[in-house]
Each structure stands twice: as C-alpha cells, then as structure tokens.
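Trainee: Please arrange chains B and C on chain A, whose structure you already have, making use of the hints.
Residue numbers (our numbering), protein chains in the order written: chain A, 1 to 398; chain B, 1 to 317; chain C, 1 to 285.
It should be emphasised that the hints constitute simulated quantities derived from the structure, not laboratory data. C-beta atoms are modelled at their ideal positions from N, C-alpha and C, and glycine is treated no differently. Heads up, some of the hints might be wrong.
[Claimed, not checked] Straight line, CA to CA, 30 Å or less: simulated DSBU-like cross-link-like pairs of lysine-lysine: (1) A:91 - A:168; (2) A:108 - A:121; (3) A:121 - A:182; (4) B:68 - B:53; (5) A:168 - A:182; (6) C:231 - B:68; (7) C:175 - C:106; (8) A:121 - A:91; (9) C:146 - B:53; (10) A:121 - A:105; (11) A:108 - B:235; (12) A:182 - A:108; (13) C:17 - B:235; (14) C:146 - B:58; (15) B:162 - A:105; (16) B:58 - B:68; (17) A:91 - A:105; (18) A:168 - A:121; (19) C:231 - C:146; (20) A:105 - A:182; (21) A:105 - C:13; (22) A:91 - B:235; (23) B:68 - C:146.
[As the list claims (entries may be wrong)] If you anchor each label on the Cβ, the simulated ranges turn out as follows: (24) C:76 - B:64: 28 to 36 Å; (25) C:59 - B:120: 30 to 38 Å; (26) A:185 - C:201: 57 to 65 Å; (27) A:237 - C:172: 37 to 45 Å; (28) C:171 - B:231: 22 to 30 Å; (29) B:159 - C:59: 39 to 47 Å; (30) A:102 - B:116: 54 to 62 Å; (31) C:171 - A:355: 34 to 42 Å.
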Amino acid sequence: MAEIEFTHVTKVYGGETPAVRDLNLKVGEGEFVVLVGPSGCGKTTALRMVAGLEEITDGEIRIGDRVVNDLAPRERDIAMVFQNYALYPHKTVYENLAFGLRMRKVPKDEQRRRVEEIAGKLGLADMLGRRPAQLSGGQRQRVAMGRAIVREPEAFLMDEPLSNLDAKLRVQMRAEIARIQKALEVTTLYVTHDQVEAMTMGDRVAVMRDGVLQQVDTPQRLYDAPVNLFVASFVGSPPMNLFEATVEADGSQLVFGETRLDLGSRSLRDYSGRRIVVGIRPEEVREASGWDGARVRGRILLVEALGSEQLVHIEIAATPLERADLVDAAAQPPGPSLGVEDLERSVTLLGRFDRHLLLTPGEAVEVAIDARLLHFFDLETGAALPAANVQAVAGVAG
Amino acid sequence: MASVAESGYIPASRRRRFSRRRVGHAAAPYLLLTPAAAVIGLVLAYPLYLLVKMSFQKYGLFELIRHKGRWVGTANYASIFHDGEFWRVVLRTLVFTAACVSLTMILGTAIALLLLQVSRWVRIALTTGLVLVWAVPVIVAVNIWRWMVDYQFGVANWTLTKLHLGNFVRHDWFANPWTGFGVFTLLIVWGAIPFVTITVYAGLAQVPHELLEAAAIDGARPWAIFREVTLPLLKPIFVILTSLSIIWDFQVFQQIWVMLDSRPSSDYYTMAIYAFHQSFQISEYGLGAAIAVVMVLFMFAATLVYLRQMLRTGEVN
Amino acid sequence: MSAVAVTRPRSRKRLRKAGWNALALLVLAVMVFPVYWMVTTAFKPGHDILSYTPQFFPTHPVLSNFTDAVHQQFFWNAVKNSLIVTSVVVVLSLVLAFLAALALAKFSFYGRKPFIVVILGVQMVPLAALIIPLYIMMSRLHEVDKLSGVIVMYLTFALPFAVWTLRGFLLGVPKELEESAMVDGATRFGAFVRILLPLLGPGLVATSIFAFILAWNEFIIAYVFLHTPEKQTLMVWLASFTTLRGTDWGPLMAGATLCALPVIIFFLLVQRKIAFGLTAGAVKG
Chain A
1 MAEIEFTHVT KVYGGETPAV RDLNLKVGEG EFVVLVGPSG CGKTTALRMV AGLEEITDGE
61 IRIGDRVVND LAPRERDIAM VFQNYALYPH KTVYENLAFG LRMRKVPKDE QRRRVEEIAG
121 KLGLADMLGR RPAQLSGGQR QRVAMGRAIV REPEAFLMDE PLSNLDAKLR VQMRAEIARI
181 QKALEVTTLY VTHDQVEAMT MGDRVAVMRD GVLQQVDTPQ RLYDAPVNLF VASFVGSPPM
241 NLFEATVEAD GSQLVFGETR LDLGSRSLRD YSGRRIVVGI RPEEVREASG WDGARVRGRI
301 LLVEALGSEQ LVHIEIAATP LERADLVDAA AQPPGPSLGV EDLERSVTLL GRFDRHLLLT
361 PGEAVEVAID ARLLHFFDLE TGAALPAANV QAVAGVAG
Chain B
1 MASVAESGYI PASRRRRFSR RRVGHAAAPY LLLTPAAAVI GLVLAYPLYL LVKMSFQKYG
61 LFELIRHKGR WVGTANYASI FHDGEFWRVV LRTLVFTAAC VSLTMILGTA IALLLLQVSR
121 WVRIALTTGL VLVWAVPVIV AVNIWRWMVD YQFGVANWTL TKLHLGNFVR HDWFANPWTG
181 FGVFTLLIVW GAIPFVTITV YAGLAQVPHE LLEAAAIDGA RPWAIFREVT LPLLKPIFVI
241 LTSLSIIWDF QVFQQIWVML DSRPSSDYYT MAIYAFHQSF QISEYGLGAA IAVVMVLFMF
301 AATLVYLRQM LRTGEVN
Chain C
1 MSAVAVTRPR SRKRLRKAGW NALALLVLAV MVFPVYWMVT TAFKPGHDIL SYTPQFFPTH
61 PVLSNFTDAV HQQFFWNAVK NSLIVTSVVV VLSLVLAFLA ALALAKFSFY GRKPFIVVIL
121 GVQMVPLAAL IIPLYIMMSR LHEVDKLSGV IVMYLTFALP FAVWTLRGFL LGVPKELEES
181 AMVDGATRFG AFVRILLPLL GPGLVATSIF AFILAWNEFI IAYVFLHTPE KQTLMVWLAS
241 FTTLRGTDWG PLMAGATLCA LPVIIFFLLV QRKIAFGLTA GAVKG
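The following block holds chain A by itself, in its conformation from the complex:
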C-alpha cells in the first residue's frame, strides 16, 4: 500500500499546449480517487505518467516514498487495468493471470495458489483454460482486474475499465470494483469520463479540464459546493440550471426577468450593480404551493416521465448564460422553445418533480425560489461566489 503524489506535474507534447498543467494531487494510502473530466482533459495522460507510459515534462510523481520519474514501468510496482483490457490473446486465462508473477520470478506453486484464489473470488475458476477470445466482455474485464489484483501491487491504476461494457453490466461491475477495492484496501487511481461512475465509486473525485485540476473533494462536497461553473455543470445529472441575473440594492436583491428576489441573509455586496450567474439544482426547483417565499412564474414546456419521478421543463423569464466556454460542453441546457416571442429572455429550468403531481405541458406554473439554495458564480471567471452568511439549508420548499 502506498500513496501516490503529484507535485507540480506538467506534461507537454512537443511544443503544443500542455496536456497536464501543474497538477498537484495526493492519493492517500488505501484511498480510491477518481480522475474525471471530458475527453482531452488530461486525466488519462496523468494516469499514464504514474504508470511510466508517458514521460513527465516537469514536476515529480511519488509512489510510496520513491520518486518514480525515471523508473521504468516494471520497476514501479503498480498494476493497471486498461480500457480494452489488453489481455494476451494467445495465452490462456491462467497464463494471463500468472504472467506478472512469472516475470517477477514468483515460485510456481505460489503462482498457482494466488491465481486460483483470485480466480475463485472473481468467478473465473472454470475458465482458466480458455483464451480471451472465448470470453464475454464482462468475463474479460474480470480477468483484467484479476491480473492486476494477483500481483498485490502498491497501487492500482484503472483507465476507463468500464467504458466498453453495456449499461447494465457497467452498473454491476461498478459495484464489484468498489467492493474489491474496499476489501483489498489498495490505493487506487481511477480515470473515467462518466461523472456518475466518479461520484458513486470515489472516496474523492478530482475534476479536470484542459489539463488543469478544477477541484478535488468528496462527491457530496463537489455536488454541494462546486468551486466554479465547470464543476457545477459537470457534476450532477440532470445538470444544474444556470441563468444570468443582476445584483441590485447594494447586494441584497437579485433581478432576473420579471422577478425581484430578496436574498435575505445572503449578501452579494461586492457585486452590486453587476451581472452574475445563478445556479439551481433540478431537485431544488419546486412547485410553489405551500411556499410563502419568492416565486417565479413559468410555463410547462415538456414533462418527461421516468417512473420514479418526473422531469419537467419549465420556461421562465430570465437571461440565459451565453458563456459556453465556462461550462461543460455536454451539459448545455435545452434550447428555447419554438414560438416564444422574446428568445433572449427565456430560460428553461429542469425540475425534478414528484411522480404523483399532475402536470400538463402548456400549463402555467409557479416555481418556488429559495434564496438559500441558490449557487452564485462570477460571470467573467466562472468562479463560485462566496455569499456572506451562508447557512446550512435545513428544509426545502415544496
């Protein structure tokens, strides 16, 4: 068991923009850290630098108490699970599992003992004589995991191991990997582009974008306190609703569309007179009956029945966020509906509503706005704004 630490790590490919910029990250002993972000964000490059498959342009990577910058992969005592499994096609499952042990000159009977034990635990015991081509995708994935586990390395590295599985299998394997890691207590660095995977599996999640680490935190804190617009829009599905508003009355009021919202105990004095970005999570978008606070009038555009709940698209009067560069590209809000007069001034909110409510498209509806649940962001930089006197939110309207 060992820590993995990145210190000011940078990776540049021949004179182009850096793939990884000044990365500082520590994975504690036995911790499961997920590196997540859109493709091209540098997460795989960072992982491969730990493995020794990429050269480090600047900075240091430590595994345990050794600086590994100049060590060959085989000297680093790490194991890796590849996206395409990288199983040796001409070797049997047994030989695949035993390969790493053979290379380290582990005695034959010890090899057999360990391989059979792991094969048993992973449900591969009957397949030891088969070749990878004869296995299903899920079985191959387990062999890839087994090959890593059987070596008892100082750390596991995983490069999107679930991407090639179908959705149901992915959910199943997610839990299995998490269970195995907890049982073995091996330091694990896991890379994925899927934020659901990241949130469900990681002890901590590191969000990356364009080579820069945005935020590293527990899943819950990432969700509740995103440090900028990118993290806010990346984490959470459906994504956070975002729109622009003006701060008035010396920081105590927010104006958007026809709504004037009193911020109560939260104050944005530093931004008085300026425009900011307001974010609200879909589950905080509530129908206003029984709420005696601020309301926004809106019109239901679409109701998506999920069975367990309803996703309702509500159109309100507000200015949409124009800065596409600040948010996750995949989290673009649904576009304005056809036939709306003032296209620049309407925003579609996604709300998660109880499945028993009767909601019809075209109906007018009132949405409850609780100032305590709003997120605020700087319009220029995307950074989250610390609004003074933020209290823990006890109950919600609706």
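Mentor: Leaving out everything else, chains B and C in the frame of chain A:
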C-alpha cells in the same frame, strides 16, 4: 382488407421474371470465373499434367518432332535416382536453400526490429532504400553483382583487399563453387530482405500497443516482451514468409544461369538448372520432367504448411 | 517532498537512439550501394570505370554509355516488345481477375473452396519445372517465338494474386451499397460495374502494378520462348548484352539502369501500400 403484398399473391408476369432471374443467378458465378479459370487451366493445370505424363516417357528429339512421347514407365526415375550427380544436386540445392532462407529471415527480421527503434526520418529513409532494392529486376541485379565481383576491376576485390581481409587482387569468385555460391547467396538474400523486412515490420506495427504496455507494467523486460507477446502474434507471418522463401529459393535458376553466361559448370547445378539442362540442352525432356516432378514434390511438402496457414487466414476474412 | 537524487537517463536514451539511427544508416548505405554503383558506373567514362582503384564518385559524368546502350541493335525492338506485352497483360489481368474475384466474393457456390485451394496452390508450382511441358505444349500449338504465347503465360502467373487481392478488396465493400443500387433500379451486374468497380480503385492499382512488374521483370519464359532477337523483351536483351559485346561495363550498367527505371519509379510511387495487402488480418489476436 389485406394488401396485395400481404396476401402473397404474385401476378403471373412477375412470376416468370423471378424464375428466369434465379436460373441466371445460379449460372452467374461460373460464367464470371470461366475466362480466368480457362487461362489458368490451360497454362498451369494442363502442363502440370503433361509434366507428370512426360516424366514417365522417353522424350528426345525424335519424339519432339513427332509430338509424341514413348512410354517407359519408371525408367526415368530409376535413372536419376541411381545417378550420383542427381543426389549431389539435391544436396547442393537443399543446403543453398537453407542458407538463403535462414539468412534472409534473420537479417530481414533484424532490420524490421531496427526500424522500430529509429527516428521517423531514418525509418522513412531506410524503408525507401529497401523499396528501391526490391524494385530492381533480377536480371539487372545479376548484372550489377557481376560487375561488383569482377575479377579485374570489381569494387568487391578492391574493398576486401583494402580492409586487409586478405589478398583479393584479381580474385575470380566463380572459380571455386563455394565462393561462387557465396556470391549467389549474397545476391539472393540482398534482393529478398526488403520483402521480409517490410512485411515483418507491418506485422510488428499491428501488435496492439496496449499489450506491450501491459506486459511492461507486469514486469517484463524488453526482450521478454518480444518473446512473450510480439513473437507469438507474429507467428503466422513468419510461417508464411519462411514458406514463401523456401519455395522461391528452392527454384533458383535465372541468377546462376545469367551470371555464368548460360554455361554453368556442373558444380553450379541446382535442381532447376539440372532439369533445364537435361531438357533444353541435352534434349532429354523426359528425364528433365522427372527431375522437375521431384522438385514439385519437394515444394508441395514445404507448401503444405503455407497453404494451411493461408487458408486459416482466408477463413477469418 | 523527499530529496532522493535521481540520475536523469534521458540523455542516455537519446544517445541510444542516436546509436540505432547510425546503425540504420549504415544498413541503408550497404543495401543501396549496389544500385548506387550501377547508376554511377553508367555515368562514368570508360577509363574511370576500367581503373584498378574504383572511383566512388563520378568526377566527369558522361552520357556516352547511355547513347551506346540505346544504339545497340535490337534495343528499341526490345522496348517495344516489353511495352506491348506488359500493357496487354495488365489490361487482361484486370478484366479477368475482376470477373473471377466477383464470383469468389459475391457468390457462394460449389467449387468455391477448391478454387481457392487451386489459386493458392498454383503459385507453388516452380516455373523452371513447368517450362518443360509448357514448351512442348506451346510448340504443338505453334505459339513458340510469339508474343501472344508469352502474354498468355504471363497472365497465368498474374491472375492468382490478382484474383486474391481483388477478392479481398471486394469483401471490404459493404453489401448495402450494391443493394441500394439495385433498389434504385440497377441489375446485379450493373451494380457490380457501376458501384463496386470505382470503389476498387486502390485494389485495381495494386493489381495492375503487380501485373506490370511481373511482366516487365520476367526472364525465363521470355528467354525460352522468344528466339528471334527482334521478338525478345528487354530482360532477355539485357541478359544477352554481355555475350554480344564482351563485358562493356559502362554501357551494360547504362542499359541495366534503363531496364530498371520503370519498375523503380512505380515502386517508389506506391511504397507505402505494398506490404499491407499480404499481412492484413494475419496478426489479429
């Protein structure tokens, strides 16, 4: 109300067109194949049959004029199997083939591995050079080498003497069949390396990068990675290349024939030359045919492995 | 941060790469030398060639060797014959191979498997063996000393590879393209010609280059079958160069250079694609 399609009703006129198309359909592939099959049949299959038939016949000048051979059973085979010369030729051909094939495969593979290690522009330069060598026609190559090993003004003699590897002034390389075959081996290996190198290199480039990375992480040193991961994946290619090389090198004829001005001494006979000599120079076409049949049998033995590998790959396609 | 001093082997890696590069350049020099030697000799005047110390770089290049070679008796005849034979072989092999490849790729029928075996096996028969009955057979048909006979024989050797290659390319074209053409009104054969043929571009190019090189470089058949010097192809002309003029190295090398030129040009044009046809699919895990 059911539509026409649903009811399965087909009007009579359309019914007729269907059946004609089905018949035409069945004949189509055979029609398409006929021209190619005819050519191949005429020039390869029939002569092959003729070859075997002739090997059991006496076919000299007299028979040539009459366009008909005289049946003599296995007399031709008996005569060549009892001839010491024949066995010397067989042995010589086998040794020569073994030398050429092993050198070609070893050097060809080594250069392919070298190509993996070098910078991009060096790789392009070396590949282009190899393609250039590959492009040289055999007769042209023979003449180049004839010039290089010329006993008077050839650059080979001068270079070897200059390098103090011995006194090679006015050295006739073909006076001694051992040095003569040495030249032929070099000539043939030189011409054969590009094909092997380029093919092996293409195979090496197809080995999935992740497998090599996984092996490196699993603790394998570079040589172990080559032995455990790369070689097994390259096996089909090696089998094919070796079989092809054996087939081609076993048949060597032109190089020796042209280099020695169509008058090679018997020390230089390979099986192909021996068969040719018997037929076209001594006019014993029957004997030549018998020798040729033995050659073909040798080839098919070597070919069996290649055929099986190609069929297996063809199946996958 | 730990303070372990680490040696930087990055410079060692660069040194190793430079070593490999140097070795590769040496290999390149050795392999290409004979070709270099041929071309430089072709441009050297006689006294520079026939000197006991070889001249590695021509100091006074001349064109006299080339004019000498080109003015040889029968040179232009040989060029004409080679061109005729080669172009006819290329065209015919494309047509015949395309048809046969269609049959093999698009239809399943009795005799498909054996045909494939025949195609592969046929490459294995040694030419030197086959030339004997071929000669007998051709002389019976009075096709000896005729370009037409040579063309037919070359076709036979070009077809197997051509059919195999085109079949491979045909298999790579998705069936949906043909089908949509037929839905749009084409007959099956019309679909073949109008849709598949254009898509086979690279395959046709590869096949024609292969046929060209085979026909251009071939010696044994031309040597045995073409007796009159007027009918002989370039390779035969080159092979008999020395016997006609003793060993006149300069013109010989010039003639050799000329004979090799078309093929070399072709090879250099397509050098990247050459190896892939044969090994595609052979290494998949």
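Trainee: Against this structure, judge whether each hint is valid.
Mentor: Hint-by-hint comparison with the structure:
For the suggested pair residue 91 (chain A) and residue 168 (chain A), the alpha carbons sit about 29 Å apart, so the restraint of at most 30 Å is met. About 20 Å separates the Cα atoms of residue 108 (chain A) and residue 121 (chain A), which keeps this hinted pair within 30 Å; it holds. Between the alpha carbons of residue 121 (chain A) and residue 182 (chain A) the distance comes to roughly 14 Å, so the proposed pair stays at or under 30 Å and holds. Pair hint residue 68 (chain B) plus residue 53 (chain B) holds up; C-alpha atoms about 11 Å apart against a cutoff of 30 Å.
Among the hinted pairs, residue 168 (chain A) with residue 182 (chain A) is consistent with the structure: their alpha-carbon atoms are about 22 Å apart, no more than 30 Å. Our distance criterion of 30 Å between C-alpha atoms is met by residue 231 (chain C) and residue 68 (chain B), whose separation comes to about 28 Å. This hinted pair checks out: residue 175 (chain C) and residue 106 (chain C) have alpha carbons roughly 9 Å apart, not beyond 30 Å. For the hint linking residue 121 (chain A) to residue 91 (chain A), the alpha-carbon distance of about 21 Å falls within 30 Å, and the restraint holds.
Distance hint between residue 146 (chain C) and residue 53 (chain B) is fulfilled; the C-alpha atoms sit about 26 Å from each other, no more than 30 Å. The straight-line distance between the Cα atoms of residue 121 (chain A) and residue 105 (chain A) is roughly 24 Å, inside the 30 Å bound, and the hint therefore holds. At roughly 27 Å between alpha-carbon atoms, residue 108 (chain A) and residue 235 (chain B) fall within 30 Å of each other, so this suggested pair holds. For a cut-off of 30 Å, the pair hint linking residue 182 (chain A) to residue 108 (chain A) stands: about 29 Å separates their Cα positions.
The hinted pair formed by residue 17 (chain C) and residue 235 (chain B) meets the criterion: a straight-line CA distance of about 28 Å does not exceed 30 Å. Between residue 146 (chain C) and residue 58 (chain B), the direct Cα distance comes to roughly 27 Å. Compliance with the 30 Å bound is thereby established for this hinted pair. The hinted pair formed by residue 162 (chain B) and residue 105 (chain A) fails the criterion: a straight-line CA distance of about 51 Å is larger than 30 Å. Taking the CA atoms of residue 58 (chain B) and residue 68 (chain B), the gap is about 9 Å. The hint holds against a cut of 30 Å.
The suggested pairing of residue 91 (chain A) with residue 105 (chain A) holds, with an alpha-carbon distance near 18 Å, which does not exceed 30 Å. A threshold of 30 Å between alpha carbons decides the hint, and for residue 168 (chain A) with residue 121 (chain A) the separation of about 21 Å falls inside it, so the pair holds. The hinted pair formed by residue 231 (chain C) and residue 146 (chain C) meets the criterion: a straight-line CA distance of about 7 Å does not exceed 30 Å. Between residue 105 (chain A) and residue 182 (chain A), the direct Cα distance comes to roughly 28 Å. Compliance with the 30 Å bound is thereby established for this hinted pair.
A threshold of 30 Å between alpha carbons decides the hint, and for residue 105 (chain A) with residue 13 (chain C) the separation of about 27 Å falls inside it, so the pair holds. With a CA separation close to 14 Å, the supplied pair residue 91 (chain A) and residue 235 (chain B) stays within the 30 Å bound. For the hint linking residue 68 (chain B) to residue 146 (chain C), the alpha-carbon distance of about 22 Å falls within 30 Å, and the restraint holds. Distance hint check for residue 76 (chain C) and residue 64 (chain B): the Cβ-Cβ separation is about 34 Å, which falls inside the suggested range of 28 to 36 Å.
Checking the proposed 30 to 38 Å range against residue 59 (chain C) and residue 120 (chain B) shows it holds: the Cβ atoms sit about 35 Å from each other. Distance hint check for residue 185 (chain A) and residue 201 (chain C): the Cβ-Cβ separation is about 59 Å, which falls inside the suggested range of 57 to 65 Å. A hinted range of 37 to 45 Å for the beta carbons of residue 237 (chain A) and residue 172 (chain C) is consistent with their spacing of about 40 Å. Here the CB-CB span from residue 171 (chain C) to residue 231 (chain B) is close to 29 Å, well matched to the stated 22 to 30 Å.
Our hint of 39 to 47 Å for residue 159 (chain B) and residue 59 (chain C) is violated, since their Cβ atoms are close to 19 Å apart. With their beta carbons about 24 Å apart, residue 102 (chain A) and residue 116 (chain B) fall outside the hinted range of 54 to 62 Å. For the hinted restraint 34 to 42 Å between residue 171 (chain C) and residue 355 (chain A), the CB-CB distance of approximately 53 Å leaves it violated.
The earlier numbered hints that this structure contradicts are 15, 29, 30 and 31.
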